[in-house]
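Undergrad: Let's have the full structure, built from the sequences with the hints guiding it.
2 protein chains.
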Amino acid sequence: MTIVRADYVMCMNEDFEIITDGAVVFDTKIEAVGKAAALRDAYPDAEFTDAGRDSVLLPGLVNPHVHLEFSANRTSLAYGDFIRWLKSVIVHRDALSSTCKEICMKKVLDTVLRSGTTTIGAVSSYGFDMKPCVHSPLNVVYFNEVLGSNPAMVDALYANFLSRLEESKSYAKKGFVPAISVHSPYSTHPILAKKVLEIAKEEWMVVSTHFMESPAERAWIDRGEGDFAAFFEDFAPGSKPVNSAMGYLELFEGVQTLFTHATQATDAELSKMEEIGYITHCPVSNRLLGNGRLAVEKVNKLTVGTDGLSSNISLSLWDEMRAALWMHHDIPIHEVAKKLLRATTREGAKSLARDTGSLEKGMDADLIAVRVPDGVAETKDLALQMLLHVKEAEMVFVGGELVFG
Amino acid sequence: MTIVRADYVMCMNEDFEIITDGAVVFDTKIEAVGKAAALRDAYPDAEFTDAGRDSVLLPGLVNPHVHLEFSANRTSLAYGDFIRWLKSVIVHRDALSSTCKEICMKKVLDTVLRSGTTTIGAVSSYGFDMKPCVHSPLNVVYFNEVLGSNPAMVDALYANFLSRLEESKSYAKKGFVPAISVHSPYSTHPILAKKVLEIAKEEWMVVSTHFMESPAERAWIDRGEGDFAAFFEDFAPGSKPVNSAMGYLELFEGVQTLFTHATQATDAELSKMEEIGYITHCPVSNRLLGNGRLAVEKVNKLTVGTDGLSSNISLSLWDEMRAALWMHHDIPIHEVAKKLLRATTREGAKSLARDTGSLEKGMDADLIAVRVPDGVAETKDLALQMLLHVKEAEMVFVGGELVFG
Numbered sequence: 001m002t003i004v005r006a007d008y009v010m011c012m013n014e015d016f017e018i019i020t021d022g023a024v025v026f027d028t029k030i031e032a033v034g035k036a037a038a039l040r041d042a043y044p045d046a047e048f049t050d051a052g053r054d055s056v057l058l059p060g061l062v063n064p065h066v067h068l069e070f071s072a073n074r075t076s077l078a079y080g081d082f083i084r085w086l087k088s089v090i091v092h093r094d095a096l097s098s099t100c101k102e103i104c105m106k107k108v109l110d111t112v113l114r115s116g117t118t119t120i121g122a123v124s125s126y127g128f129d130m131k132p133c134v135h136s137p138l139n140v141v142y143f144n145e146v147l148g149s150n151p152a153m154v155d156a157l158y159a160n161f162l163s164r165l166e167e168s169k170s171y172a173k174k175g176f177v178p179a180i181s182v183h184s185p186y187s188t189h190p191i192l193a194k195k196v197l198e199i200a201k202e203e204w205m206v207v208s209t210h211f212m213e214s215p216a217e218r219a220w221i222d223r224g225e226g227d228f229a230a231f232f233e234d235f236a237p238g239s240k241p242v243n244s245a246m247g248y249l250e251l252f253e254g255v256q257t258l259f260t261h262a263t264q265a266t267d268a269e270l271s272k273m274e275e276i277g278y279i280t281h282c283p284v285s286n287r288l289l290g291n292g293r294l295a296v297e298k299v300n301k302l303t304v305g306t307d308g309l310s311s312n313i314s315l316s317l318w319d320e321m322r323a324a325l326w327m328h329h330d331i332p333i334h335e336v337a338k339k340l341l342r343a344t345t346r347e348g349a350k351s352l353a354r355d356t357g358s359l360e361k362g363m364d365a366d367l368i369a370v371r372v373p374d375g376v377a378e379t380k381d382l383a384l385q386m387l388l389h390v391k392e393a394e395m396v397f398v399g400g401e402l403v404f405g
Numbered sequence: 001m002t003i004v005r006a007d008y009v010m011c012m013n014e015d016f017e018i019i020t021d022g023a024v025v026f027d028t029k030i031e032a033v034g035k036a037a038a039l040r041d042a043y044p045d046a047e048f049t050d051a052g053r054d055s056v057l058l059p060g061l062v063n064p065h066v067h068l069e070f071s072a073n074r075t076s077l078a079y080g081d082f083i084r085w086l087k088s089v090i091v092h093r094d095a096l097s098s099t100c101k102e103i104c105m106k107k108v109l110d111t112v113l114r115s116g117t118t119t120i121g122a123v124s125s126y127g128f129d130m131k132p133c134v135h136s137p138l139n140v141v142y143f144n145e146v147l148g149s150n151p152a153m154v155d156a157l158y159a160n161f162l163s164r165l166e167e168s169k170s171y172a173k174k175g176f177v178p179a180i181s182v183h184s185p186y187s188t189h190p191i192l193a194k195k196v197l198e199i200a201k202e203e204w205m206v207v208s209t210h211f212m213e214s215p216a217e218r219a220w221i222d223r224g225e226g227d228f229a230a231f232f233e234d235f236a237p238g239s240k241p242v243n244s245a246m247g248y249l250e251l252f253e254g255v256q257t258l259f260t261h262a263t264q265a266t267d268a269e270l271s272k273m274e275e276i277g278y279i280t281h282c283p284v285s286n287r288l289l290g291n292g293r294l295a296v297e298k299v300n301k302l303t304v305g306t307d308g309l310s311s312n313i314s315l316s317l318w319d320e321m322r323a324a325l326w327m328h329h330d331i332p333i334h335e336v337a338k339k340l341l342r343a344t345t346r347e348g349a350k351s352l353a354r355d356t357g358s359l360e361k362g363m364d365a366d367l368i369a370v371r372v373p374d375g376v377a378e379t380k381d382l383a384l385q386m387l388l389h390v391k392e393a394e395m396v397f398v399g400g401e402l403v404f405g
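Chains as they are written, first to last, in the numbering used here: chain A, 1 to 405; chain B, 1 to 405.
A hint or two may mislead.
In this list, chains with the same sequence are indistinguishable; a pair is considered to hold if it fits within one copy or across any two.
Unchecked claim - The calculated lysine to aspartate or glutamate pairs, modelled on DMTMM-like cross-linking and capped at a C-alpha distance of 20 Å, are:
#1 K391 <-> D319
#2 K101 <-> D374
#3 K391 <-> D374
#4 K298 <-> D330
#5 K338 <-> D81
#6 K380 <-> E17
To be clear, the hints were calculated from the coordinates, so they are not data collected in a lab.
TA: Take a look at the structure:
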């Protein structure tokens with residue numbers, strides 16, 4: 001049993017409770033959370049660690065949407081417009097994925113861990129990131145992705161998907177959970193989507209998908225027009241949209257699904273997504289690719305993801321939350337700060353169906369200690385000051401084990 | 001004579017010219033800018049330095065609005081609302097200014113220099129930052145600030161201001177230029193403002209002022225209402241606004257003035273300010289204090305400042321520009337990137353009446369080398385990639401002298 005004390009314990013429970021001079025007692029799961037003095041009395045044999053002055057204990061962060069396979073990108077890909085970016089991805093795809101292989105991805109995952117993220121949803125196109133994810137101390141929900149809009153290709157694509165899924169299932173363990181990603185309404189034929197969603201239903205898997213990321217996607221799905229029309233004309237002349245927007249969402253009914261981006265979604269679509277699952281906000285990626293901004297004020301079941309380094313400069317959720325603080329300039333800053341912390345802890349955990357994301361008895365002992373540079377005047381300022389100042393965690397525990405710090 | 005080569009030379013001239021495999025030749029002033037090979041032939045005796053792969057040469061950045069005197073703040077001050085923040089400043093003022101004295105401010109200025117800023121406008125309330133500014137290799141336009149809305153106090157406040165101004169004038173040199181700041185329309189009586197503006201006119205000094213920073217300021221100046229009414233009631237019962245908004249701006253006619261914040265300004269006021277001088281945008285400070293966002297799309301004579309660490313987490317203009325990229329999410333990202341780089345170089349320099357801010361023959365040799373992590377596909381992507389990736393300069397020259405790197 002371990003007991004860690006901190007100046008602040010941010011429980012991330014329903015009430016956003018913050019305990020000053022608090023502590024958390026845990027083994028692989030959390031045993032107790034409360035005032036430090038009382039817990040030291042109650043657990044005299046637990047190994048005691050003090051996170052020190054101006055420290056904050058909180059649940060490890062949850063980043064439910066990361067693409068690791070293009071982690072080599074720094075400045076190769078072109079930003080500003082989704083289709084321009086997509087074309088640059090196609091040009092650089094092979095070079096990027098051959099530049100960041102297993103050692104490189106391990107380093108990337110180590111950076112993610114040190115930043116204070118303890119659980120990720122890794123969206124995998126090729127399976128190149130499978131072994132680094134299996135071997136990482138991070139909790140990984142591993143989304144094997146499928147896509148393809150040509151009905152003639154469905155069987156081949158499904159077979160390829162299935163072999164990756166089976167391989168990932170062979171590694172299944174508490175810290176590595178095989179799951180499924182259906183790419184998007186503009187790229188995935190409903191026959192293919194339905195086939196893989198059947199598996200998700202039968203095997204109770206979590207599912208991830210991209211939805212209404214760009215104005216181009218909106219124009220294509222709604223009217224078969226816009227930049228995607230020209231784009232598809234080059235690859236598959238005569239293409240038409242294979243899904244309607246609402247028809248696509250309905251495919252996911254009955255499956256716990258994370259809908260990512262949704263910057264161009266209508267209110268009815270946002271409601272539908274929240275009915276089915278969660279919405280993942282990737283503010284930096286959306287900004288870099290010219291995709292607009294999710295109306296977070298309309299979303300309750302909100303999670304935050306970094307997307308990949310193919311459309312970001314960092315996989316740290318602290319960096320992502322700082323960017324979101326500026327981007328959502330029209331919402332009072334303390335309100336956004338709390339909403340973002342909820343999204344990156346308890347909501348993220350619920351979206352991935354993990355028993356983590358809050359410091360409450362019975363939860364997995366995934367917790368981190370961070371430090372604010374000075375004390376804060378009032379605890380109501382703590383969330384914002386953390387978002388402004390924290391760059392890296394000082395201690396990271398996953399399943400009760402100290403994996404960094 | 002020195003010649004520095006880089007993969008890209010970002011001239012920051014009128015046309016936003018970028019020279020690939022370029023170089024800059026300089027002594028204390030810039031002698032020539034062009035292709036590296038041609039310049040090496042033309043200046044065979046100049047000392048050659050290569051800034052290396054993926055390097056960019058550009059003018060040193062200009063930060064025309066910094067308060068150094070509260071540099072000790074990390075998390076002591078309360079954010080989210082201007083009046084709440086102001087009250088916390090009053091409570092912590094003495095502690096903060098006694099915690100960051102001359103050595104501390106020297107360190108802060110060194111950080112500013114290493115980030116790639118070569119010219120600042122330092123707004124000084126007390127003169128505590130005078131000597132660090134005098135001794136810094138940075139170019140400093142030193143704004144001695146005056147404020148006071150009680151007419152009975154005008155003479156005493158003016159005398160105090162005058163003694164600071166005189167002291168700063170005793171240190172005047174190329175790299176340290178005494179100047180004047182009139183605090184704001186809500187805090188400075190027009191009699192006091194006029195007296196100091198007379199000096200500015202006679203001695204051709206640049207002037208800085210804050211204008212329409214907060215919704216509270218707007219309500220107070222326009223109607224004598226709002227949070228400032230309650231605030232003044234505590235300090236000086238029966239207070240009334242001492243300036244009208246437009247009346248205040250008119251005080252500055254005929255003086256080169258930097259108007260800072262202007263988040264709550266009307267279109268007519270923005271036009272008036274641009275007629276008289278420049279507008280300084282402090283996006284992070286405005287966001288932290290709940291003051292809204294400047295409509296940068298309406299402003300041509302735009303500069304960018306960090307404000308002080310009393311309302312920011314960094315004095316680096318790269319950090320400030322990155323935050324602005326997210327904050328102005330509704331303007332195409334490449335357009336904002338270029339606008340921000342113009343604002344932090346040529347526009348900033350013009351606002352402070354300095355011969356710097358562009359790499360053109362005859363300008364002061366204030367230039368920096370930075371590095372982007374990889375090459376960029378097209379030079380039109382360079383501005384954005386710099387804003388995304390640069391954290392610190394690799395070489396900093398001020399007046400032709402290498403002061404960092």
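Undergrad: All the hints need checking, so say for each whether the structure fits it.
TA: Right, here's what the structure says about each hint:
1. In this assembly of identical chains, K391 and D319 lie within 20 Å of each other by CA distance both inside one copy and across copies; the values are 7 Å within and 14 Å between.
2. Taking the shortest Cα distances, K101 and D374 sit within 20 Å of each other only across copies (18 Å), while inside one copy they are farther apart (40 Å).
3. Proximity of K391 and D374 under a CA criterion of 20 Å is satisfied intra-copy only: 15 Å inside one chain copy versus 24 Å between copies.
4. For the identical chains of this complex, K298 and D330 are neighbours both inside a copy (13 Å) and across copies (18 Å), given an alpha-carbon limit of 20 Å.
5. In this homomeric assembly, K338 and D81 come within 20 Å of each other (Cα to Cα) only across copies, at 16 Å, whereas the closest approach inside a single copy is 31 Å.
6. Only within a single protomer do K380 and E17 lie at most 20 Å apart by alpha-carbon distance; the minimum there is 10 Å, versus 48 Å between protomers.
Of the numbered hints given earlier, the model fails none.
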